[in-house]
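Number 5 in numbering that gives the first Met the number 0 belongs to position 6 of the sequence shown; there are no gaps in the numbering.
Please keep in mind that the hints were generated in silico from the structure rather than gathered at the bench.
Just so it is clear, CB atoms sit at the ideal spot from N, CA and C, and this is done for glycine as well.
A couple of the hints might just be wrong.
Capping the alpha-carbon separation at 35 Å, the derived lysine-lysine pairs in DSBU-like fashion look like this [stated by the list, open to error]:
#1 87 with 53
#2 64 with 92
#3 64 with 53
#4 20 with 54
#5 53 with 20
#6 92 with 62
#7 64 with 20
#8 87 with 20
#9 64 with 54
#10 20 with 62
#11 53 with 92
#12 62 with 87
#13 87 with 64
#14 87 with 54
#15 20 with 92
#16 55 with 20
#17 54 with 92
#18 55 with 92
#19 55 with 87
Computed beta-carbon distance windows for the label pairs [to be verified]:
#20 62 with 118: 24 to 32 Å
#21 29 with 82: 21 to 29 Å
#22 0 with 85: 33 to 41 Å
#23 63 with 88: 28 to 36 Å
#24 45 with 0: 19 to 27 Å
#25 54 with 10: 12 to 20 Å
#26 54 with 26: 21 to 29 Å
#27 75 with 119: 16 to 24 Å
#28 84 with 62: 33 to 41 Å
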Amino acid sequence: MSTFGTSVSCMDGRIQIPIQKWLNANHGIDFVDTITEPGIDKIISDGGNLDNLKKKIQISTEKHKSQIIVVSGHYDCAGNPVSNDEHKSQIQKSVEIISSWNLNVNVIGLWVDDSWNVCPL
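With the hints as extra help, turn the sequences into a complete structure.
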């Protein structure tokens with residue numbers, strides 16, 4: 000049986016493959032449902048209307064039985080041009096918000112650095 004994970008990430012195409020590879024290598028995930036917006040770590044951490052995002056994540060967790068949700072941010076983000084430390088803070092806050100939805104799935108934060116390495120927070 001195939002396993003799914005959920006990536007909540009920036010739309011930047013440079014980070015998609017590194018995140019998918021990291022999920023496969025570290026969590027045995029075969030397929031990644033990818034939900035993207037430019038600067039999504041800021042969008043979530045600002046706590047605006049997240050109903051649409053929550054519905055997308057619920058499809059992944061309920062229909063595909065996603066085993067993990069990762070929220071990421073990355074170096075050189077055009078959609079959220081803030082410091083690396085600010086990104087990491089926003090990612091942590093985003094993890095807290097999504098975790099509060101009680102989806103019964105582990106939610107973790109990832110940082111993608113300037114060499115496109117994936118680093119858990």
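Exercise. Any hints this thing doesn't respect? Which numbers, in order?
Worked result: 21 and 24
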